[in-house]
Amino acid sequence: MTVLIYILLSIIFQISMIYAVKSLSNSKIENKIILIIGIVIFAILYKLIVLELPTELGTMISIFYTIIIIKLCTKLSMKNLLFYMIVVWIIAIIVDILVMFLSNFFTTNEENKEIFKFLGTLMIVGAFLACGNKIVIKKINYLKNLITKLHLSYFSFFIMLLIYFTLGSICINNMNDKGYIVLVIFIAFSVLLFVINFIIQQFQIISLKESIKLLNKNNEFYLNLIDEYRILKHNLISNLSGIKSVTNKKTRALIDDLITEYNSILKLPKNFKEIPTGISGIVYEKIYSANNSQLQLKVDNKLKNNIIEILSARKFNALCEALGITLDNAIEAAEQSNEKILYLEFTEDENKLILKIVNTFSGVVDIDELGKKNYTSKKKGHGLGLFSILNKKDIKLTTIIKNNKFISVVTVNK
Numbered sequence: 010m011t012v013l014i015y016i017l018l019s020i021i022f023q024i025s026m027i028y029a030v031k032s033l034s035n036s037k038i039e040n041k042i043i044l045i046i047g048i049v050i051f052a053i054l055y056k057l058i059v060l061e062l063p064t065e066l067g068t069m070i071s072i073f074y075t076i077i078i079i080k081l082c083t084k085l086s087m088k089n090l091l092f093y094m095i096v097v098w099i100i101a102i103i104v105d106i107l108v109m110f111l112s113n114f115f116t117t118n119e120e121n122k123e124i125f126k127f128l129g130t131l132m133i134v135g136a137f138l139a140c141g142n143k144i145v146i147k148k149i150n151y152l153k154n155l156i157t158k159l160h161l162s163y164f165s166f167f168i169m170l171l172i173y174f175t176l177g178s179i180c181i182n183n184m185n186d187k188g189y190i191v192l193v194i195f196i197a198f199s200v201l202l203f204v205i206n207f208i209i210q211q212f213q214i215i216s217l218k219e220s221i222k223l224l225n226k227n228n229e230f231y232l233n234l235i236d237e238y239r240i241l242k243h244n245l246i247s248n249l250s251g252i253k254s255v256t257n258k259k260t261r262a263l264i265d266d267l268i269t270e271y272n273s274i275l276k277l278p279k280n281f282k283e284i285p286t287g288i289s290g291i292v293y294e295k296i297y298s299a300n301n302s303q304l305q306l307k308v309d310n311k312l313k314n315n316i317i318e319i320l321s322a323r324k325f326n327a328l329c330e331a332l333g334i335t336l337d338n339a340i341e342a343a344e345q346s347n348e349k350i351l352y353l354e355f356t357e358d359e360n361k362l363i364l365k366i367v368n369t370f371s372g373v374v375d376i377d378e379l380g381k382k383n384y385t386s387k388k389k390g391h392g393l394g395l396f397s398i399l400n401k402k403d404i405k406l407t408t409i410i411k412n413n414k415f416i417s418v419v420t421v422n423k
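First residue of the sequence shown? That's 10 in the working numbering, and the numbers climb one at a time after it.
Hint data in this document are derived by calculation from the structure and do not stem from the laboratory.
No experiment lies behind these values; they were computed from the predicted model shown.
One should not assume that every hint holds.
Calculated cross-link-like contacts (lysine-lysine; reagent style BS3-like; alpha-carbon spacing at most 25 angstroms) [unchecked claim]:
#1 222 / 143
#2 349 / 361
#3 31 / 218
#4 222 / 158
#5 242 / 259
#6 31 / 143
#7 423 / 361
Ranges of calculated distance between the beta carbons of each label pair, as one might list FRET restraints [stated by the list, open to error]:
#8 254 / 222: 46 to 56 angstroms
#9 313 / 154: 45 to 55 angstroms
#10 99 / 24: 38 to 48 angstroms
Where is the CB? At the ideal position from N, CA and C, for every residue including glycine.
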């Protein structure tokens with residue numbers, strides 16, 4: 010293949026690469042004169058840059074030269090320019106490796122090598138031109154938005170490209186060893202699948218964090234709504250009480266019934282807003298189901314972090330299960346006692362999240378037997394609740410009796 014054909018191919022290759030970046034980024038060529046001069050200079054220096062230097066070095070110089078030309082001719086930021094150049098480079102490398110794979114089925118003499126290089130260049134040019142397709146542009150920019158959300162470093166992508174580029178060079182230098190080429194191609198696609206899987210997982214993490222923020226906002230909204238409802242109920246009952254003082258006996262009886270009905274709705278502890286987000290629903294459900302106006306609940310929340318954010322999904326589920334079981338036991342025991350006190354304390358340190366449940370109780374509890382299978386202090390209990398908690402690896406439960414109070418401490422590692 011003559012030098013003239015090589016130069017012509019290089020010009021087509023470079024123009025198609027610039028076209029791909031321009032199409033994907035939806036940018037305009039602001040200075041066409043600099044673009045033309047840059048392409049002409051590259052064509053003149055092509056023999057020195059590409060033909061006289063090792064393939065790897067020549068290709069690197071060509072890519073960096075193209076980046077400089079595009080930067081001078083467009084208003085693309087360097088960050089966006091690097092992204093689109095990385096995408097274009099990846100496309101070229103993948104096509105190049107596929108061409109090397111196809112060449113594996115043919116006799117690789119010098120003439121065939123030149124033919125496959127020529128075909129490879131044309132296929133890459135075709136891939137660059139395909140970047141002007143609206144669907145391709147949409148998909149690439151969707152990927153760009155994902156990477157922007159993930160805050161991934163472009164340095165990581167350059168490392169991946171260097172790996173692919175090295176693999177491509179190995180293929181070129183070992184075209185006669187078909188087994189070697191198949192191994193390299195397998196490694197190349199394995200790395201690609203790993204990167205894609207990593208990006209998907211990171212995006213899922215971002216989505217979960219956004220969901221948590223949304224849940225927190227919803228929780229705050231409904232807490233404020235409950236506050237407004239309680240104020241409305243209080244004012245309504247006050248107004249009804251005021252009206253009752255100037256009505257007859259039958260009307261007062263009717264108003265008393267209304268007040269009793271309103272008072273029975275939405276019975277929540279006064280400091281229910283202190284319960285941490287993430288487990289507040291469990292506590293609300295347990296307290297509300299108990300429906301005992303005499304139960305005195307105190308909450309002391311010293312957590313600085315959101316429970317959902319500092320625990321893995323498995324540990325969070327284990328904590329919820331442990332909280333549900335210990336709360337059931339504590340509420341039932343407190344209701345049967347004279348004082349009817351229930352105290353919840355949430356604390357944390359660098360490594361652990363600690364939940365303390367303190368309740369009053371009546372009767373006798375064998376602390377040494379507690380937690381053993383089938384042992385229960387309840388009349389209708391089965392003794393399996395605490396037993397199941399104590400056998401979980403992610404949760405640690407300790408129980409003590411102090412000053413006639415039963416204390417359960419649930420600890421989970423962050």
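Under the constraints set out in the numbered hints, which ones does this structure not fulfil?
Hint check: 1, 2, 3, 9, 10 fail, others pass.
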